[in-house]
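Novice: The residues making up each chain are set out below.
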Amino acid sequence: MLLELDNVTLHYGRIQALHGISLHVDEGEVVALIGANGAGKSTTMRAISGLRPVSGGRIRFAGADITNLRADLRTVRGICQSPEGRGIFPGMTVRENLDMGAYSRRDTAEIAKDLERVLTLFPRLRERIRQPGGTLSGGEQQMLAVGRALMSRPKLLLLDEPSMGLAPMLIQQIFSIITEINEQGTTVLVVEQNAQQALSRAHRAYVMETGHIVKEGPGRALLTDPAVKEAYLGVA
Amino acid sequence: MSAVTDLWHRVTGFFNQSKPARIGLIVVFVAFLYVLPNREFYEYLNIPGVWIPLYTTGNDMAFVLFTCTWTILLALGLNVVVGYAGLLDLGFFGFFAVGAYTVALMTSPESKLITEYNWFESPYPWLVTVPIAIALALLSGVLLGWPSLRVRGDYLAIVTLGFAEVIRIIAKNQDWILNGDRGIPQVGHPPGTWPDGTPIFQFDAKPYYWLALTMVIVAVFLIRNLVRSRVGRAWVAIREDEDAAELMGVPTFRFKLWAFAIGAAVGGISGSLWAGYNNFVNSATFSVENSILVLAAVLLGGAGNQAGAILGGFLVVYVPEWLRSVGDVFGWPKTVRVFDINLDVSPTSLRYAFFGVLLIVVMIFRPQGLWPNRRRAAEFKDRRQAVVVGEGVG
Amino acid sequence: MHFDDLVNGFPNLTTTGLTQGAIYALIALGYTLVYGVLRLINFAHSEVFMFGTFGAMWTWGWLGFGSTSGRPGLGTAIMLIALGLVVAAVVSGATAVVVELVAYRPLRRRNAPPLAFLITAIGASFVLMELMGAATGRIQFGMPPLLPSNPVINVGGWRITPLQLATFVVALVVMFALDTFVQKTRFGRGIRAVAQDANTAALMGVNKGKVIALVFLLGGLLAGVAAVFHNMKTGNTRFNVGFLIGLKAFAAAVLGGIGNLRGALVGGLLLGLVESYGSALFGSNWTNVIAFVVLVVLLMFRPTGLLGESLGRARA
Chain A
1 MLLELDNVTL HYGRIQALHG ISLHVDEGEV VALIGANGAG KSTTMRAISG LRPVSGGRIR
61 FAGADITNLR ADLRTVRGIC QSPEGRGIFP GMTVRENLDM GAYSRRDTAE IAKDLERVLT
121 LFPRLRERIR QPGGTLSGGE QQMLAVGRAL MSRPKLLLLD EPSMGLAPML IQQIFSIITE
181 INEQGTTVLV VEQNAQQALS RAHRAYVMET GHIVKEGPGR ALLTDPAVKE AYLGVA
Chain B
1 MSAVTDLWHR VTGFFNQSKP ARIGLIVVFV AFLYVLPNRE FYEYLNIPGV WIPLYTTGND
61 MAFVLFTCTW TILLALGLNV VVGYAGLLDL GFFGFFAVGA YTVALMTSPE SKLITEYNWF
121 ESPYPWLVTV PIAIALALLS GVLLGWPSLR VRGDYLAIVT LGFAEVIRII AKNQDWILNG
181 DRGIPQVGHP PGTWPDGTPI FQFDAKPYYW LALTMVIVAV FLIRNLVRSR VGRAWVAIRE
241 DEDAAELMGV PTFRFKLWAF AIGAAVGGIS GSLWAGYNNF VNSATFSVEN SILVLAAVLL
301 GGAGNQAGAI LGGFLVVYVP EWLRSVGDVF GWPKTVRVFD INLDVSPTSL RYAFFGVLLI
361 VVMIFRPQGL WPNRRRAAEF KDRRQAVVVG EGVG
Chain C
1 MHFDDLVNGF PNLTTTGLTQ GAIYALIALG YTLVYGVLRL INFAHSEVFM FGTFGAMWTW
61 GWLGFGSTSG RPGLGTAIML IALGLVVAAV VSGATAVVVE LVAYRPLRRR NAPPLAFLIT
121 AIGASFVLME LMGAATGRIQ FGMPPLLPSN PVINVGGWRI TPLQLATFVV ALVVMFALDT
181 FVQKTRFGRG IRAVAQDANT AALMGVNKGK VIALVFLLGG LLAGVAAVFH NMKTGNTRFN
241 VGFLIGLKAF AAAVLGGIGN LRGALVGGLL LGLVESYGSA LFGSNWTNVI AFVVLVVLLM
301 FRPTGLLGES LGRARA
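Chains as they are written, first to last, in this note's numbering: chain A, 1 to 236; chain B, 1 to 394; chain C, 1 to 316.
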């Protein structure tokens, strides 16, 4: 098991956002986390990446307990998150943003290789390499966010709403790239509202509702699950 | 530490619950305060066997108490600005100075308004000038607030600090009216005579203390009523989330200006009292240290709570004076020689450094102050829970 | 209004204004760096500067150069200045880092509101100032004369003294080095990342605490450099020397756009010039008022400063 959440709870002030989340991600998997707005998906991501402290439970990564580890040290250990809302540094060029992804790495030669790989994956970024991140379009920013996360050569890539605000064409493209990244050997945990896409690409998936995990199973199986269909796929 | 705070909570809890007990206590306490400056009384309080005196030997007790009361008045005024409206004003002492100068200029026979400019022929009595002093302090609050309340909160601190400094420089440099360092002597006293014909208000601090104490009580009641009205609720809304308040239709700018003006007016009263007692006003009256001291008083006591502001105002004046007395008893040295340098370690000299440390410590460990407003304490508690992993404590 | 003074003294007023402005700019950078990353006005920065002035003075005194000594030869003077710069920078840098660790870090760990930071900053400023005051008896100390006062450049009314030249050259070199550091190095990128989006920076593996300490250190180093030139320019220092100059440097930082490194340079030089011309126009008594008038007017009409705010970020 690469990542394991064991009965994790989390509070925002006096409001409890996560009620004992337990989930795991194995090496080489694409795991999707789906659910409606406010179900706690992004909060779960924040707990994993360390942006919010949990109030109970344990988080283990690659065999070590990281429950109370600082966020930047989790990145050093190999968890990299492409945050909700993309988190592009607007005042930095595309190149500088990508360099930020490799901030904790010192292997210059390998970084150059990964840069080439990311630019091959996202040719648009190569065209805009000198442009400030803030001037990119939404789709380009999403590519930059994913590319930047890849630059840290993560063991586990966390993607928070990669399809948010994108045109259908681009959503297809982003998910194809996620599959491609996964085939190149990166484990992926993706949070999505676009359940159709997420479930058809994921090996396994968890369904969240109001801070609980209510269902889990293989992606394809959940895709045909009547309850999931009704609630998240918009078909009766 | 926790035992002390626990006891404190129990005592305050009891008085919070029982209204007659609270009123009774307040009446007794106020009576006690009026009797306090009598030498027979405070020396009597110094219970035989307890050899650390409650009173201060370095200065006349009535004088120390008067200093406490005008500082408390300032703290009450600043509390409206900082505690209720959540605006950081670092130049608050400027309003004190406006009050003091107004009284001095109008009541002193040596005022240039009389001797050079012939604005009026003879000095006005003290009592007449006080409303004018309050009005001018209020006006200067509005004038300062008008441009500076539009800027972001953290800039406000700098603008007010800069403003206070500009006023000080003007008072120091220019000779037309304020006389620079030479100042204005022979400031008028409040009216009234004892039955034997001698004036009540002259150089004895005791009647000034009584007058200032009365002013404090009046100010507390007026501000209390204001805070419980629509204005007070608007202030809370501004303090907690100014943008949201604006969206809900609260005219934030107008209410911030109100807070500024009311605070300034209370500061002006304090200044006019002080000028009457001190009999002399010059540019040394302004100093940034004093503004910070008043701020320390409000925050130490508990911003947003008038009792806290009173406690704070009392502590910042009384404690250094008292330490000086105790220091004399223990033989605390005035200076220490280190490497051929005489370090001035008297409580008076170290007082500001000490209050600086206190500000830091209070903000870190008890940001709501010693006697907090419950609502504000809750605001701090909520924030403490929202920290990033590995950066928070406990 | 003395227009004649302004016209006749124009070259001289310009050079003194630019020299003073360079000193403002060096200090302003400290405010701007910290503000850019933490959105905090580091009030204690004025005291960081003040500690630098004493660090340099004590170093010179320790080497036997006090206010009563004669002027040393040029070689010795340059050595003394260089040594003063190093010591002052170290003293100021260390002071700044200590302030961050003792006063601000505990508040960040508790997620205190901005007002609490500001108040702590004022507290820290007072502690530093008053401790130095108690330690030095609150008196003014003179500086040894180091550089000759006859001009090195004298072309048609434009006279530039060695000190003015040195101040300007060193300030520009230091600021160029800082700009390169922030723009080109990995640490510099880390600083900009935290300034633009602290949470995402953490997700990229940036240690926020380290970056913040670094920012305080950098600001302190620059304040130390400014302190040495201030010492030589005014020929004295005292425990409260930082208050006024700190306020003005902050005004300069706001003038250029706080958080904007190049803005600090522009703001500093501009404020130096305005002050210099203004004091000729209105009389030197009013020099200190000019900076605040500029600050208030600016905040009213263009609160983001001349070059806009922040370390390369457009703020909403």
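Hints are not guaranteed to be accurate.
Chain B stretches covered by chain C per the calculated footprint, using a threshold of three residues with CB under 8 Å from any CB of chain C [claimed, not checked]: (1) 84 to 94; (2) 156 to 165; (3) 191 to 203; (4) 209 to 222; (5) 354 to 366.
Residues from chain B that keep clear of chain C, each with C-beta distances beyond 10 Å, as calculated [stated by the list, open to error]: (6) Thr5; (7) His9; (8) Val11; (9) Thr115; (10) Pro125; (11) Pro131; (12) Ile169; (13) Trp176; (14) Gly183; (15) Pro185; (16) Arg233; (17) Ala237; (18) Phe314; (19) Leu370; (20) Ala378; (21) Arg383.
No farther apart than 27 Å at their CA atoms in a straight line, the calculated lysine-lysine pairs in the DSSO-like style are these [said to hold, decoys possible]: (22) B:Lys172 with B:Lys112; (23) A:Lys113 with C:Lys184; (24) B:Lys172 with C:Lys233; (25) C:Lys210 with C:Lys184; (26) A:Lys155 with A:Lys113; (27) A:Lys155 with C:Lys233; (28) A:Lys215 with A:Lys155; (29) A:Lys229 with A:Lys215.
Hints in this document: simulated from the structure, not taken from any laboratory. For every residue, glycine included, the Cβ atom is placed at its ideal position computed from N, Cα and C.
Novice: Starting from the hint list further up, note which numbers the structure goes against and sort them upward.
Specialist: Hints 3, 4, 12, 21 and 27 are the ones this structure does not satisfy, whereas the remaining hints hold.
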